[in-house]
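With the hints as extra help, turn the sequences into a complete structure.
Top to bottom, those sequences are chains A and B.
Just so we're aligned, residue 1 is where the first sequence starts under this note's numbering, counting upward by one.
Just so we're aligned, residue 1 is where the second sequence starts under this note's numbering, counting upward by one.
FYI, nobody ran anything at the bench for these hints, they're computed from the structure.
Don't take every hint at face value.
As the list claims (entries may be wrong) - Per the computed footprint, the stretches of chain A lying under chain B, defined by three or more beta-carbons under 8 Å from a beta-carbon of chain B, are: (1) 46-60; (2) 76-87; (3) 207-217.
Unchecked claim - Residues from chain B shown here face chain A by an in silico Cβ test under 8 Å; the list is partial: (4) Val15; (5) Ala17; (6) Ala47; (7) Gly48; (8) Ile50; (9) Leu54; (10) Ala55; (11) Val57; (12) Arg59; (13) Leu66; (14) Gln75; (15) Leu239; (16) Pro241; (17) Met242; (18) Ser244.
Cβ atoms here follow ideal geometry from the backbone N, Cα and C, with glycine treated the same way.
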Amino acid sequence: MTDRARTSRLRTVGSVTSPVHVEADFASHAHPIIDLASSGPSATDESLVKAIALGDAEAFRMLYQRLTPSVMGIALRIIRNVAHAEEVTQEVMLQVWRTAPTYDPVRAKPRTWILTMAHSRAADRIRSAEAAALRDQRHHQGAVPDYDVVVEQVEASLDRERVRHAMASLTELQREVLELAYYRGYTHHQVAQVLDIPLGTAKTRIRDGLIRLRDTLGATS
Amino acid sequence: MNDGELHLLSGAYAVNALTPDERIRFKRHLKSCDECAIETRELLETAGEIGAGLAVVVRPGLLEDLMAQLPHERQVPPTVTLASHHDTSIDLADEPSTTRSSFGSTRLVATLMAAAASAAIFGGVAVGVASHERSHVDAMETQVEHVADVVTARDAVVVPAVVRGGGNASLVLSHSQNAGVVMTHGLPAATGNRHYRLWAISSDGVAHAAGVVEPDSSGAGSAPLNADMTTVVRVAMTLEPMNSADPSAQHVFMVDLPPASTA
Chain A
1 MTDRARTSRL RTVGSVTSPV HVEADFASHA HPIIDLASSG PSATDESLVK AIALGDAEAF
61 RMLYQRLTPS VMGIALRIIR NVAHAEEVTQ EVMLQVWRTA PTYDPVRAKP RTWILTMAHS
121 RAADRIRSAE AAALRDQRHH QGAVPDYDVV VEQVEASLDR ERVRHAMASL TELQREVLEL
181 AYYRGYTHHQ VAQVLDIPLG TAKTRIRDGL IRLRDTLGAT S
Chain B
1 MNDGELHLLS GAYAVNALTP DERIRFKRHL KSCDECAIET RELLETAGEI GAGLAVVVRP
61 GLLEDLMAQL PHERQVPPTV TLASHHDTSI DLADEPSTTR SSFGSTRLVA TLMAAAASAA
121 IFGGVAVGVA SHERSHVDAM ETQVEHVADV VTARDAVVVP AVVRGGGNAS LVLSHSQNAG
181 VVMTHGLPAA TGNRHYRLWA ISSDGVAHAA GVVEPDSSGA GSAPLNADMT TVVRVAMTLE
241 PMNSADPSAQ HVFMVDLPPA STA
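Here you go:
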């Protein structure tokens, strides 16, 4: 990113960074610099994360709007409680804000990074004994809607159709293990136990299923 | 578990279906196995796509709640990891910041002590582990891989210390790994061409330079002890002129290592 691009962003978020410093250093720029390519609606997820790393709250807003439907969807699917899923969603997105400066694009796309975090946090929560007790408890906290209501308000998305199609390409056995591991947050030990299959079978089946999904999704993207 | 079996864990890793213990072992494997690293990266992406297929409509109030919170949330500095330069492994399950965010490393250390004390966590049983503990452990793992290897060792022990001049330090030791790390919190900035130098002191009283802690703006930092821990009886830190070969300043903390039998 160029210094000029950085300048414009710092200026818009002066309260978060250091307004005095910014004014002193960059007041000489005659024209405001609008950098739509890296923080506008057409920005890639990656450029949004870069902008967030510099404290750009508007870039965060945009990334939030793009990715929280999926983050919330994952959390809700695993936890099955709207209030808890919302908590996980907020935790994950706050982590994105805090740690954007250390995001490394070589390791993963922003979406992969964030959705992996969502799954991990949701699964952690459901695996903890404390949360297990809360799992089936229905919370009605003020504006928090009911689970069924939220689940019905699905995002009409191509992603959903692509995944449905890809899941249909799996064998029944592969689909079963992936549903337990991904949708329910089971460890492969739990998967093996529930299905009464050897541990080695559970892990190879999860892997085979994912590889097939990868190939199917790769072919349609 | 041998390497051949580790190979097959990529899928379970990608859907977060490994126990913490297995995760650590698999991540080590990824460092030395490019094939697995590539496959794992792809499968993580695939898992993310399954997740994207679950999207729901998010209550609009949530975004505004979080936006209101942002000005109070500190972001981590961009170059904080000790391990990232030579670490090509993939870990996205959690994020590297927790130690430097509002939680602070004191609480982290407390968490790690609890974690180390609990065989359940690293013995492969995930049930019963509160999620924030896992998250903190994961955070360390990601941020400072060397450090994490030590603090997540089954026999990790933590020796806390108060730093003269301000802040706290913790020495985390693993006898099984013959390794130690120092983590700090709230350390004042080093001034005047000095830095925080670690010293490993052997039984004959000789202090060997064992690394440098470079705290961030909040005074949080961590560094592995560069020493053969079997010969070390004490660890100290000084605020030291950068070019000095021997400790020239009074230590800001010094701790005795606990005997191996108690670890």
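Cross-check of the supplied hints:
Residue count for the stretch 46-60 of chain A with a Cβ under 8 Å from a Cβ of chain B: 4. That meets the three needed, and the coverage hint holds. Coverage of the stretch 76-87 of chain A by chain B holds in this model, with 3 residues showing a Cβ closer than 8 Å to a Cβ of that chain against a need of three. Residues of the stretch 207-217 of chain A lying with their CB closer than 8 Å to a CB of chain B number 8, which satisfies the three-residue condition for coverage. Contact between Val15(B) and chain A, as hinted, is supported at the beta carbon level, the nearest pair being about 4 Å apart and thus within 8 Å.
Against a cut-off of 8 Å between C-beta atoms, the interface hint on Ala17(B) holds, since the closest Cβ of chain A lies about 4 Å away. Taking 8 Å as the C-beta contact cut-off toward chain A, the hint placing Ala47(B) at the interface holds, the least distance being around 6 Å. Because the smallest distance between the Cβ of Gly48(B) and any Cβ of chain A comes to about 4 Å, under 8 Å, the interface hint for this residue holds. Given the 8 Å rule on beta carbons, the hint for Ile50(B) holds: about 6 Å separates it from the nearest Cβ of chain A.
For the restraint placing Leu54(B) at the interface with chain A, the shortest Cβ-Cβ distance is roughly 3 Å, inside the 8 Å limit, so the hint holds. For Ala55(B), the interface hint holds, since its Cβ comes within 8 Å of a Cβ in chain A; the closest pair sits about 4 Å apart. Among the interface hints, the one on Val57(B) holds; its C-beta lies about 4 Å from the nearest C-beta in chain A, closer than the 8 Å criterion. A least Cβ separation of about 7 Å between Arg59(B) and chain A falls short of the 8 Å threshold, and the interface hint therefore holds.
With a cut of 8 Å, the hint placing Leu66(B) at the interface with chain A holds, because the nearest CB-to-CB distance is about 6 Å. Evaluation of the Gln75(B) hint against chain A yields a held restraint, the C-beta minimum of about 6 Å falling below 8 Å. Among the interface hints, the one on Leu239(B) is violated; its C-beta lies about 27 Å from the nearest C-beta in chain A, farther than the 8 Å criterion. Hint status for Pro241(B) relative to chain A: violated, with the closest Cβ pair at about 30 Å, above 8 Å.
A least Cβ separation of about 26 Å between Met242(B) and chain A goes past the 8 Å threshold, and the interface hint is therefore violated. For Ser244(B), the suggested interface contact is broken, since its CB lies about 32 Å from the closest CB of chain A, more than 8 Å.
Going down the numbered hints, you'll see the structure goes against 15, 16, 17 and 18, while the others check out.
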